[in-house]
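Q: Now for the letters of each chain:
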Amino acid sequence: MSTWSLLAKQTGKNMMGLRTGMWALRARSGGIMVTSVRTAADRPDPWNYLWQPGPYPRTQEEREAAAKKYGLIVEDYKPYPDDGRGLGDYPNLPVRCMDSKPGQYNWDIPEEKRNFGEPLHMNFHLMLASRPSLSVRPRYTQFQYLRWFLGLISFFTLFQLIAGEYEWFHPFSERQTPGPYKKKFYSFELE
Amino acid sequence: MLKLPNWSGVMWGSLLLVSGFLLMAGGLSCAGNHESVVLLWEGFSQICHPLGFCLLVDSESCFFGSTVCLIAGSVMLFSVYYMSSEKFFYRFVGIILVFVSSMVLLIFSPGLLSVFIGWDGLGVTSFLLVIYFFSDKSLNAGLLTLLTNRLGDIFLLLSVSVAWGSFGAELSSLEGSGFSLGGVWLLGIFAASLTKSAQVPFSAWLPAAMAAPTPVSALVHSSTLVTAGLYLLIRFSSGLSNSEFWSWGLFISSCTLVMASFSSLVEYDMKKIVALSTLSQLGLMGMAVSMQSMSGAFFHLIMHAYFKALLFMIMGYWIHQCSGYQDLRISSISSQEFNLSSTLTLLALSSLSGVPFLSGFISKDYLLESSSMLSSVSSVSGLLMVVGCMLTVMYSGRLLTSLLGFKWSGEPVCNWSENSWAFWSSLLVLSMLSLVGGWWLSGYLSPLGSVLLIPKEIKFVFSMIVLGGMILSWGLCRWESSLTGSLGLLGSLWGLSFLSFPSLAKSALYVGMSSREVEDLWLPLMSSGWVQASFGEFSSSIGSSSMKNYSLFSNLPILGLSTFSGFCWFYTGQFTL
Numbered sequence: 001m002s003t004w005s006l007l008a009k010q011t012g013k014n015m016m017g018l019r020t021g022m023w024a025l026r027a028r029s030g031g032i033m034v035t036s037v038r039t040a041a042d043r044p045d046p047w048n049y050l051w052q053p054g055p056y057p058r059t060q061e062e063r064e065a066a067a068k069k070y071g072l073i074v075e076d077y078k079p080y081p082d083d084g085r086g087l088g089d090y091p092n093l094p095v096r097c098m099d100s101k102p103g104q105y106n107w108d109i110p111e112e113k114r115n116f117g118e119p120l121h122m123n124f125h126l127m128l129a130s131r132p133s134l135s136v137r138p139r140y141t142q143f144q145y146l147r148w149f150l151g152l153i154s155f156f157t158l159f160q161l162i163a164g165e166y167e168w169f170h171p172f173s174e175r176q177t178p179g180p181y182k183k184k185f186y187s188f189e190l191e
Numbered sequence: 001m002l003k004l005p006n007w008s009g010v011m012w013g014s015l016l017l018v019s020g021f022l023l024m025a026g027g028l029s030c031a032g033n034h035e036s037v038v039l040l041w042e043g044f045s046q047i048c049h050p051l052g053f054c055l056l057v058d059s060e061s062c063f064f065g066s067t068v069c070l071i072a073g074s075v076m077l078f079s080v081y082y083m084s085s086e087k088f089f090y091r092f093v094g095i096i097l098v099f100v101s102s103m104v105l106l107i108f109s110p111g112l113l114s115v116f117i118g119w120d121g122l123g124v125t126s127f128l129l130v131i132y133f134f135s136d137k138s139l140n141a142g143l144l145t146l147l148t149n150r151l152g153d154i155f156l157l158l159s160v161s162v163a164w165g166s167f168g169a170e171l172s173s174l175e176g177s178g179f180s181l182g183g184v185w186l187l188g189i190f191a192a193s194l195t196k197s198a199q200v201p202f203s204a205w206l207p208a209a210m211a212a213p214t215p216v217s218a219l220v221h222s223s224t225l226v227t228a229g230l231y232l233l234i235r236f237s238s239g240l241s242n243s244e245f246w247s248w249g250l251f252i253s254s255c256t257l258v259m260a261s262f263s264s265l266v267e268y269d270m271k272k273i274v275a276l277s278t279l280s281q282l283g284l285m286g287m288a289v290s291m292q293s294m295s296g297a298f299f300h301l302i303m304h305a306y307f308k309a310l311l312f313m314i315m316g317y318w319i320h321q322c323s324g325y326q327d328l329r330i331s332s333i334s335s336q337e338f339n340l341s342s343t344l345t346l347l348a349l350s351s352l353s354g355v356p357f358l359s360g361f362i363s364k365d366y367l368l369e370s371s372s373m374l375s376s377v378s379s380v381s382g383l384l385m386v387v388g389c390m391l392t393v394m395y396s397g398r399l400l401t402s403l404l405g406f407k408w409s410g411e412p413v414c415n416w417s418e419n420s421w422a423f424w425s426s427l428l429v430l431s432m433l434s435l436v437g438g439w440w441l442s443g444y445l446s447p448l449g450s451v452l453l454i455p456k457e458i459k460f461v462f463s464m465i466v467l468g469g470m471i472l473s474w475g476l477c478r479w480e481s482s483l484t485g486s487l488g489l490l491g492s493l494w495g496l497s498f499l500s501f502p503s504l505a506k507s508a509l510y511v512g513m514s515s516r517e518v519e520d521l522w523l524p525l526m527s528s529g530w531v532q533a534s535f536g537e538f539s540s541s542i543g544s545s546s547m548k549n550y551s552l553f554s555n556l557p558i559l560g561l562s563t564f565s566g567f568c569w570f571y572t573g574q575f576t577l
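Those sequence lines, one after another, are chains A and B. Here the first sequence stands for residues 1 to 191, where the numbers follow UniProt numbering. Here the second sequence stands for residues 1 to 577, where the numbers follow UniProt numbering.
The shape of chain B in the complex, shown without the other chains:
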């Protein structure tokens, strides 16, 4: 019998699922009728510059909003099963709801200011969700997530400050709004999307964020938060159309794709493999966006969200089966006892690999073909996309064989049965969408009437991705041990996990350890006692490297940049069409 807090999860999960279906219906209607609705509120026009708040309801925002709501509803039902013994379940539900609200605000906002409000809300709630278990490890992961996203927030705030007061800023993402500033504004959007979508060199936070509970990873780190950056680029693509940033974006995304794919080949933590898989798919989508194939990137973004969330929840189930162990080497489950969950694992991983004719295949194939339809494509970009897709098949095959007992790796430990109704009801919607969602939504998410013409040689290469990947996956499983040793740092995020922030913090620790020498020996010679006491307090607070100091150091750049941007706005004045 469920406890009262868990019933609140069931209630909110059901509400979110219903909202998701309603938004999906709205998206189908908008896509079918080629219409969109802009809702604009303006106020305070008598006393100052009119403050505007806009909502844009079109097919893109409705489809993405429905994706967020459907996944959030499924995750809420899943958490009723996964976190049934959680003492503070109301807190968990509350933070999830605030996260979903921030995401919906970001999705339906055409203007930068409201986007920034949703953006900041995402950063705060994702931090609270990562540190949910209140352990040292989750605090470290949460700090890394927070600080990396904070860097992007600074750049986005800079964009907002530069654009603030300009005419049409509320509708800046719309084509024909006449809003275009260039330079700092573009850089801000671009840099913010890099950090949020975990592109190189800001990729270390995504695998580290797996310290969060599995429902959080399924909602936040697989499908919604990490795709917010790409969504921002897709939304503001009209203002970025002739920018040089796209070539940089193509380079960075291709690095992300290759780096994450190689790292997931040799990783042993189940959740980290899925996180690195998400990272590689984000690189693939980033490449499509950089090649101006917005519809392809958006279609794959939606489909990827469904099967990746499904995969994360299935991973949570397997982790429960293995008594909390996440290591592949000591988890081997007999697939004969768990028919339904094995089937769903196969479905999710096949969809991820692009097995015909699942959702992942339809979206990935469309992405590859629409990207190759451009007038001129660098052969390197095309090659890297194909290599990335083959590596996806490789690590998916490795994960499948390791999980389902085809490769004997240890004693099976199972203490949970397949009887939880909350678990199965949460997977129902996502599994159906992973199976037939691509076929159903392809007519709406890909531009109507588009005919993809590509030479037969290119089509043959695309067709052979899955088969070639399967052959290489067999080879990987056969010679895995020798590959793990030979890849070196190529297989551990290119050393990014060790380069992100620790050197600065370690320097602060050394200062703290030795601060007694400084304040006791040098300052008495140079200054008065008051300065010595102040410096002593300041150096010990630096040396403690505590969270409050991180927030201090992160807020100082924000304050500085805000002042500078306010100065720019004051002198540049109002912009007119």
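Okay, chain A solo, but in the shape it has when bound:
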């Protein structure tokens, strides 16, 4: 049986700084088997298939294994319904947006307000701090805010419509226009 030894790698870096080159193994008999050709096309490493959810858990053992996989206790683990949407055993986590999480807590990943090993929600990208929060309960509802605003504007409008009729003028005296049968303002007599 022939043995193989590794050839000296001919590697370099392209303009993007990514490794390129060829690795090969050579048998003692002189043959060469190219084991891999690495170019820029395989960087970053494909990851999608590694993180796909597993099949929907049907038995209790499968549920426990899935809960352990996602870092949850069995009581907290609840998968999405198996209705053909392809979510498998991914946990159906409660909606808790970033805004409702405390900012002063010492998170492991403070940018995501998440600790190490905490599973991400399926719609995590919709729960970022730069999105409107769906889990924060405001003090008043939107309808109450709108009612307050419109009510105050209406009160102001009414106030200005009613009280605005009372105009204030600079005090002025009667116009001294000459004419027949008018009041005599000045008689041109020497006093």
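Mixed in with the good hints there might be a few duds.
Claimed, not checked - Quick look at which bits of chain B chain A covers, simulated, 3 or more residues with Cβ under 8 Å: (1) 55-68; (2) 129-140; (3) 488-494.
Stated by the list, open to error - Result set (DSS-like, lysine-lysine): computed pairs, CA atoms no more than 30 Å apart in a straight line: (4) K68/A - K101/A; (5) K68/A - K78/A; (6) K137/B - K101/A; (7) K272/B - K456/B; (8) K137/B - K87/B; (9) K101/A - K456/B.
Said to hold, decoys possible - Interface residues of chain B toward chain A, partial, derived using beta-carbon atoms under 7 Å: (10) M294; (11) S295; (12) T401; (13) F498.
Derived by calculation from the structure, the hints in this document are not laboratory data. Virtual Cβ for every residue (Gly too), placed ideally from N, Cα, C.
Guided by the hints, dock chain B onto chain A, whose structure is given.
A: What follows is chain B alone, placed relative to chain A:
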């Protein structure tokens, strides 16, 4: 020892200060000689309709330009102290300079097209400055600022499109240019000024924009950007003189004044109090403009810029003293250790309140008296102006007592000394102008030879504003806790912060969350796979509510309105005198 980037701040700050003083000299000369200069360039007349570019140099533009340059120079020196550890200081200086350039272009432009170029530049640079710290909170605030200002940009673009090609459009702001179209053109100017000057219902962005660095707030959100809308109205007032929009403006400004004043009575964030104070002063100036008292509004606009920028920078210093905390309840500084900064705080707040005979008093008194000099004034407007001024004194007194330790509210935390030369040099010019600027410039900014005749009863009321406000301020400090609870939404911008945009965005989020149901269940029944795939991609992009989608939705109306206005221009043709 300063680093090299900080020296660039010192250099540009000094240059801006020198420019400000030169422009002030130009303004004094123009005001003294009653002259103005129009510089006009025209080109491309052989190949198409002549493209014109105009600059108007008169007393108003010189004074406002000098204000912008002086404040920008002071802010640049202040940022050398405040942002001394900033890694990308060149970027900050660059954006500030672009902002100042846009503002100067807007100030010196008599025509709509060049005004619009400066206007858009202001919107872009103010967004970049608000999101400067690159946090989620600043991004949210920046988006709110951008989208609210974008609404006004659409209306202004509509005005530009309607006016484009009309003879005399380059000089449309000048009296006697014969330029007047009415209708859409007026609406565009009016709506644009409402959004930029944060009048109701577009007021939510101004307190939210306090996520920006304090030097940015001092320059942009106190004195320059927010007053651009009012400046636009003052500039184009000759075309708007017989418009019905003034009555609407009076109503909207009075709402803004009362809303912002009440909100600042119960706010605890230092910067937000000053922002709401700016909002209330903008309402006051808006009321003066709506009552056709342009000189009063302009005078107060200039003086307010100086003492408000000073106040913001002092707030930045106090925030540093409190290790970055902005909450009044946990900041209590011993005024005995910080004599100079306490004095400047007192100066800025007294000027804001209208304490005789500081700059704020002279400008505010002139504004009130010139507004009351009209032939007929609604008693409600006069009453609201007086109430607004008294509320100003109230929240200024509350801020003063909370800051300077008269009201013990927590442990004093201080780790900065009063030794930074950059800090003190930045405050020097603004403090002098807040002290004597009103007295010095009153002869130039108020019409020469004007005699204000008002009855003694009205004068007595104006005189009692400060005293009455101080008494009410004492009562506010005494019973603050019960007032905070009883005001409810009256003290939180009338709920505007919660009504601006979130409902639309939340609807989009719900669509995004549920889009899988739509594309998986309904579309396969109704359409082909291609439509399903396209809709799936589109609905997920809506549901993500990301910034690129905001820009998409903001640009669609712009494109639509531009097309419509181009259509109008094509059919209406050229206008002649």
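Q: Against this structure, judge whether each hint is valid.
A: The hints, checked one at a time:
no. : hint            : in the structure
1   : 55-68           : violated (count 0)
2   : 129-140         : holds (count 4)
3   : 488-494         : holds (count 4)
4   : K68/A - K101/A  : 24 Å, holds
5   : K68/A - K78/A   : 12 Å, holds
6   : K137/B - K101/A : 14 Å, holds
7   : K272/B - K456/B : 37 Å, violated
8   : K137/B - K87/B  : 20 Å, holds
9   : K101/A - K456/B : 59 Å, violated
10  : M294            : 19 Å, violated
11  : S295            : 18 Å, violated
12  : T401            : 28 Å, violated
13  : F498            : 5 Å, holds
Consistency with the previously given hints fails for numbers 1, 7, 9, 10, 11 and 12, ordered from lowest to highest.
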